Structure formats: structure tokens, C-alpha cells
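Read off the chains here:
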Amino acid sequence: MRVLFISEWIKTTSTKMWWILALVAAGFTVLLGIVPGILLSGLDESLGLSDPAAMAQLWSSLGGALVIALILGIVAMTGEYRHKTITDTFLTEPRRLHLVTAKAAVQAIIGIAVAVTCVVLGVGAALALLPTQTHAPIDWALVGEISVGVLVAFALYAVLGVAVGALINNQVVAIVIGLLWVVFIEPIVVGFLPDVGKWLPGGAASSILQGTTASGADLLSPWLGGLLLLAYAAVFAVVGAQTTLRRDIT
Amino acid sequence: MTQTAQTPLVVSNLTKRFGNITAVESLSFEVAPNRVTGFLGPNGAGKTTTLRCILGLVNPSAGDARIDGKSYSELPNPTAVVGAALEATGFHPGRNARDTLRIRSTVLYGSRDDKRITELLNYVGLGDAITRKVGGYSLGMRQRLNLAMALIGEPRMLILDEPGNGLDPAGIAWLRSFMRGFATDGRSVLVSSHLLSEVKQSVDDVVILDRGRLVAADSLAALLDHSGGGTVSVLGPELDRLQVVIAEQHPAATCQVEANTPSTQGGASANARLVVTGLSAADVGHLAYTNNVELHGLTAQDPAEDLERLFLRLTGNGSAQEDSQ
Ligand SMILES: Nc1ncnc2c1ncn2[C@@H]1O[C@H](COP(=O)(O)OP(=O)(O)O)[C@@H](O)[C@H]1O
Ligand SMILES: [Mg+2]
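Just so you know, the sequences run in chain order W and S.
Here the first sequence is numbered in the working numbering, starting from 461 and rising by one per residue.
Here the second sequence is numbered in the working numbering, starting from 21 and rising by one per residue.
Hints listed in this document are in silico derivations from the structure and should not be mistaken for laboratory results.
Some clues are possibly wrong.
[Said to hold, decoys possible] Stretch by stretch, here's where chain W covers chain S in the computed footprint (C-beta under 8 angstroms, at least three residues):
hint	segment
1	105-116
2	222-232
[What the hints assert, rightly or not] List of simulated lysine to aspartate or glutamate pairs, DMTMM-like, C-alpha gap at most 25 angstroms:
hint	chain 1	residue 1	chain 2	residue 2
3	S	90	W	553
4	S	153	S	107
5	W	476	S	133
6	S	153	W	553
7	W	476	S	134
8	W	544	S	107
9	S	90	S	205
10	S	90	W	708
11	S	90	S	174
12	S	153	S	139
13	S	153	S	133
14	W	544	S	174
15	S	90	S	107
16	S	135	W	553
17	S	153	S	188
18	W	544	W	708
19	S	135	S	174
20	S	90	S	45
21	S	90	S	50
22	W	476	S	148
23	W	476	W	553
24	W	544	S	94
25	S	135	S	148
26	S	153	S	134
Just so you know, these numbers come straight off a predicted model, no measurement behind them.
Virtual Cβ for every residue (Gly too), placed ideally from N, Cα, C.
Bound-form chain S, shown alone:
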């Protein structure tokens, strides 16, 4: 049990079938304290199903999820331990935000605790809409109320399901820094998204899911390392010759010719670029210089772009699943 004391959430061999659809298959991962864990995968990968299994809302076909060593329903006052903001959660349209929060704060604190509610609604940016009926809220405002519901119990762990949906860019930026700030003092965040780009600035660890199966679980830094130790993009008229030279002198490096700005018709060299993985820009420049290869451009690629490439590769090009919701 010492292990669970350090690991707030342990998912073990979780499987969920809906009829003959296997939504999640033998999934195991952990969420560590002081970390923001990104739970990533294309639409239909099984993220929401997994999160709902963790929270006792969906019955696993096999396996389980333990929070501090207990199942969700075994936790006394669970919303004081885990705060969850899930997709497909609803609010009564005729109820205002304050009453919506009072329903939970009463159970948590034995009183409505309106002062706490007002502070919290101000904090999530709903200070002007406290007594407005939720039916008139925009999607972004509902997301904020969803977050307030998750936070009202001052939990140690947050589970957020696609929290960026419906938020404006300022809201997303706010959410990122909020998650970073939350995952301190032993607290942790598990945040799902189908867009790596949306969470990559704020996550420490990533768990990547595709068609219900785990494809990667690692720290973001380690994943970046594995994604090739740097990628360099090269432009020039002699890319074929450069490719031969690289293959001879650095067999571990990989080269790939990619179409470059297809709209521009500026000769053969402008139509293609060589993407070299496993070498630094300095390595490639040195090779070109010593072998008299003419270069027109040499750029180290944004590591984030590498990660995006890796994400798409791991999840078998997610867009194919885009509609299977």
C-alpha cells in the first residue's frame, strides 16, 4: 500500500465493452502527484469511457481503477478527493450557477457556504453570471461551471475531460496555467484531449490511447527524446546527393523527402525538403560543407512538431476516426 500512497490513481488492466464494441482494452497507467498527465487519443479512442470507469459511472468489464487504493464509490465524500469535469455532463437549464454549486457544497461542508461559492465562481470567470440560469450559458461558460463543480470540494486530484472544448483562446491559456499551478503540493491533474497541441504546454506526462489500447505512457520529455533526438529540415538543389552522404556517414539517421510549399513553382529544389531525423542542424551543415553540397535552407524543427508527428504515427493518423463518436 506504500505505492498507492505516492500514486494517487492507478488504473489496472481496465477493459470496457459495449456490446461487441471494445471501447477500452486492458489499459493500465498511473497518475503521479505533482504532475499534469495528458490523456490523449483521437475521438472514439476510449478516453471518456476510461474516465467514467475511474469515477464509478461506467462499470468496467474487467480490471479496475484505484484512487488512494480505493474505488471511487468507497471514498467517503469523494468530491473532496477527486474533482471531475466530464464531457456529456448536463446542468438543469432552469437552475442558476450558485444553486448548482450549493447542491454539492451542502454535501461537502454541511452548509451551502455561499462565500466559497462566490469566490470560486469569480475565480473561474463566472462572477457576473452567478445568479443567471445555466440554460442561457454558452458552451465556454458551462465548461467553467463544470470546472467550478470539480473544484468546490478542494480536491487533491482533478480529472478533466476535454476541458478546452468551447473555451476561447484566452480561456485555454488560463486553463493551461491553472493546471500547472494546481499540480503542486502533491496534487495532480489527469486531462484528456484529442488535440496534443492543446495540452502539450501544460502536461508533464502523457498517456496515449488509440482504439482503446495504450500506445505510449511516458513523460513528455522522454517521449520527445524518443521522437528522434531532433529533426532538421533542409532545402537546396542537391538533396539527393545530401541524402546519399548522410546514409554513408550516419546510417542511424533517417531521411525523408517531403513536399514543401506545393503552391510555389520555383524549380525542383523549392518543391521538396529533406527531413533528417537523428542529426542536429550543425551535423547536417558540417556534412554539406565537407562534401560540397549546396544548401539553401537549414532549420532545426520545433520539437513540438516532432511530437505531433509522433502522435499521429502512434494513433494511426487519428483523423480517420474523427467521426466515430
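This is chain W alone, in the form it adopts within the complex:
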């Protein structure tokens, strides 16, 4: 298992995809989260950052690119089919579940790297722009807590992405379904049926991202949320390893 992990590590780090996704995620966080979050507050007093709650809202946008972590995992798994490297991969390690597990472990770490990129560039952009506005003092304890949540959520979403890719081998189909789920289906469920929504991956991710501070009645505890995400990933991975990954590779 250790050698398979190193093998998968080389597989990921020998191509550009992971840092392209890291840059996309960081760009997303900075340009669509932090920058407008700060500049818009200057236009409208109701968005004013002098309210600590608005500052907390700003920091929570550090996790705004979570879907990229899901795509990272999906691409890592389905890329093997897209580039037809899956033949050599299964020749090296015929045990499907071993492979998926090693891949998920590597993508968890890459997910953390992507999250660190988002947090570092996001906080950096905030520090650069905040002096242009009046704002409540920076609560570094909160920033730290949210950052840890972002790291954990990205790691788990990357794992989930690998599992989704194990279940759906076609890269385009898997990404489209992943995006539809995250962008449309899940928000609707969460909005109308919060009691169901909190048990979905997105709800579980929110429980981690918002940490213990903002944990309201309609979210699970961060620990439970994390375990739930792992459980989703485990089920998808095991089912994928038994079904889709055992199909003929011709």
C-alpha cells in the first residue's frame, strides 16, 4: 500500500493538472470571493465590514472553491480512462480497491495543497485590500479555524471525487454530474429540505467549513460531517471497485 501510494504520488505530481487546478481554485477564491467581498462593502454600508459578522462571512469565502477539490479527485481517477493509462495501471496493480484507496489518499494531500493555495492567496489578498475599507478587527483565531476547516473539507472532497470517478469512469460525464449536483441539485435540497440537506455531502462540507463557531441547528457537528463525507466516499469507492472498475478494458 505504501509503494502504491508513492506510485500514485508520482503519477499526480509528474503532470501539470494539480497545480493548474490549484491556481484555478485560488483565482476563484480571490477574484470571486475575497476581492468582491471587500470592495463591495465600500459601495454599500449594509455590507459593511465594520460588522464582525460580515468579516466572518468574508473569511468563510476562503472555502468557496470547494468544488474544484471534487473535480481534482474526479480528474485523477477518470484521467486514467481518458488517457488509456488504466491498462498499465491495472497491470501494475490488479486489485481495484487498493488502487482507488491509494489514489484517494494522494488526492487528499493534493486537495490540502490546493486548499493551502486558496487560503494563503485569499488571506494575502484580504490583507492587501482591507486597509482600503473600514472594517472590524481581524479575528485571527477565527481565520485559523476556518482555514483548518477549508483544508479538511478540500481533502475530503478530493477523496469523494476519486470515489465518484471510480463509479463514473467517463471524465466529462463525471464532471458534469458533479457540477450539476453541487451547483443546482444540492442547494435546492438544502434550501427546501434542510433536514435532508445536512446529510448530503454539501451539508456535511458546510458543517466542516463553518467550524464550531457558526454551527447552527441545521448542520451536523464538524466531526460527524467529516465522517459522513468519508462514508460517502467509501461506499462509492467500494461499489465502483466492484462494478465499473471491473468492466472490460478494451
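Let chain W serve as the given structure and place chain S with the ligands on it in line with the hints.
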């Protein structure tokens, strides 16, 4: 189990259906140690499907393949036992050759083992392209990298699927002598091709497949014997009379009139030749001499040409299947 100890690969009653297409039907054959086994058949005969079944990449509908008595996925570190270079395998275009090999060498040896990788890439002729991205490789270079992937585990058996595709003549010559050299010290090679001519200099045994069915499995030498014990090509103005004489005195021999260099219009004799199977050139010459038949040419045919003829006959003239991929 003593039998499997001597027979590295045993394929038994292998059948594979894709929907209502039967790609391989009840196929059984063995690969012996110290031998290069040619796995031959026209395009669409089921070669790639069979090889992928052997390697656990395609699920057989029935039957199985055993390597040292085990299925591929039961082998611990299988790439150290069997090295496979298959058709339709891909490489990540953005990854270089060394990293591509490291992915496997890590699993095999617990470390990247760059020294081994460099030596191997030099050996297969990619020494200048070690750190170049595979996306820029030619088809022939990919074949060489495919071979390096098969060899990195120092396996005892090689399974090569149409390895000559994309190689230049020098590359093909290199491949032939490589396969011969590999199949020693108990090692073996199973090499597929749709061209008998491409592998006949390097194979000991042949397994011939047509439309998923086995049509011949034998040593190349035995197959050559069966192909007629020699064929003689005869030119002359009295081929009809010679044919009668042969039929009278050697009923076991067969005669066939074939068009000869149709472009030349040099009289009846130049348009046809008589192909006699089952007699030596000396036999035919003696018959002609004792029966006063005038001869203009008497040539023992290249045994390889006999084999080609046999191959085409066995596989029902493969070219009809050329497009059914
Ligand atoms: N994935 C597949 N789905 C349907 N038919 C297939 C598939 N793979 C191969 N075949 C069919 O199986 C037959 C054998 O193909 P193949 O094993 O590739 O032959 P060969 O390698 O001898 O050229 C062909 O008729 C081919 O069309
Ligand atoms: Mg083929």
C-alpha cells in the same frame, strides 16, 4: 500442478462475447518456456481480446487463463512475472518517459530505481528522449516505451500485442533478435501479429486464430512439414503433359496451375506456371527427363512462401476481415 510448472501460460476453453459478437470461442493453447510463440490471425480474429483476458483486463464469458497456475490478479506483483505491451494502451501526453516508468518501478522495487530506468530506456533506444514528454513521441517511440514498461519488472514472460506496428525496418529487426534472446533460461514470449511474415523468423511455435477460433497450434517446423513437404514451381511449354505424368506416377502429389507474371505476353508457357506440392525439384526434374517433357524453369519455392499460403488458407483469406476492427 507439475504441468503448470513447466507451462508458464495455459489458456483453457476461453470464450469472450461482446453482446452478440463472439470475439473468442472456446480457445485453448499453451505457451512453453524457452519458446517464442507467435499468436497469429487477421485483424478482428480476437488476438487482443484473448491477450486482455489473460491479463485480467477483459472478463472472459467462459474459460480462463492461468499463469504459473494462477490468474493474473492472483499473482503478487504481477508485472514481475508477466510483462505486457498491449495495443490501445495509452500514455499521459504530459508525462515524460522516466516518470511513466517510475510509476511502475516504485511498485516493483519500492523505490524509483532511476538507474535501472535509464539503462532500460537506453536499451530500447529511447536514451535521448528520457525526459521528453510522451505526447511528442512517434508511434514507434511509443512502442519502445510500451516495451520498456513490459520489461521494467524483469518478467519471465512477455506478452506483446502487434509490437511491430509503427516500428521502422531496423526496429523490427531489433525486435526479432530481442525476442529470440529473451526466450532463453526458461523465459517465454507470446507475440501477436496479423502478419505472419513479420514474426516468422523469430517464432518457434504458432497459434493461429480465425474469427475467434483456433485453426492451428503447432511448432513452426511441424506446420511447415504439414504445408506440403516442399513446393516446386515449374515453367515450360508442356505443363499439361507434365501434370498428367505426375498424376500417373505420384498420385499423392498435387498440381496447380497459377498465373505467372501476367504482364508478360511471351506465349502460353510464360503465362502460367505449375506449382507441384509434395515433390522435390529433383523428383520433378527426373520425371520430366524420363518422359521427354521440355522444361524452362524449375524452382523449389521458399518454404516461407508455403507458410504464407497455408496461413491465408487457414484464415480464409484474411484480407476480407481487414476492416472489421
Ligand atoms: N469492446 C468491444 N465491444 C464490442 N466488440 C469488440 C470489443 N472489443 C473487440 N471487439 C470485437 O471483437 C473482435 C475481436 O477483436 P480483437 O480482439 O481486437 O481482434 P484482433 O486483435 O485479432 O484484431 C472484433 O470483431 C472486434 O470488433
Ligand atoms: Mg489486435
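Quick rundown of the hints versus the structure:
no. : hint            : verdict
1   : 105-116         : holds (count 10)
2   : 222-232         : violated (count 0)
3   : 90(S) x 553(W)  : holds, 15 angstroms
4   : 153(S) x 107(S) : holds, 20 angstroms
5   : 476(W) x 133(S) : holds, 23 angstroms
6   : 153(S) x 553(W) : holds, 24 angstroms
7   : 476(W) x 134(S) : holds, 21 angstroms
8   : 544(W) x 107(S) : holds, 11 angstroms
9   : 90(S) x 205(S)  : holds, 21 angstroms
10  : 90(S) x 708(W)  : holds, 20 angstroms
11  : 90(S) x 174(S)  : holds, 19 angstroms
12  : 153(S) x 139(S) : holds, 18 angstroms
13  : 153(S) x 133(S) : holds, 19 angstroms
14  : 544(W) x 174(S) : holds, 23 angstroms
15  : 90(S) x 107(S)  : holds, 24 angstroms
16  : 135(S) x 553(W) : holds, 23 angstroms
17  : 153(S) x 188(S) : holds, 21 angstroms
18  : 544(W) x 708(W) : holds, 13 angstroms
19  : 135(S) x 174(S) : holds, 14 angstroms
20  : 90(S) x 45(S)   : holds, 21 angstroms
21  : 90(S) x 50(S)   : holds, 14 angstroms
22  : 476(W) x 148(S) : holds, 23 angstroms
23  : 476(W) x 553(W) : holds, 24 angstroms
24  : 544(W) x 94(S)  : holds, 23 angstroms
25  : 135(S) x 148(S) : holds, 15 angstroms
26  : 153(S) x 134(S) : holds, 17 angstroms
In this structure, only the earlier hint numbered 2 is contradicted, and the remaining ones agree with it.
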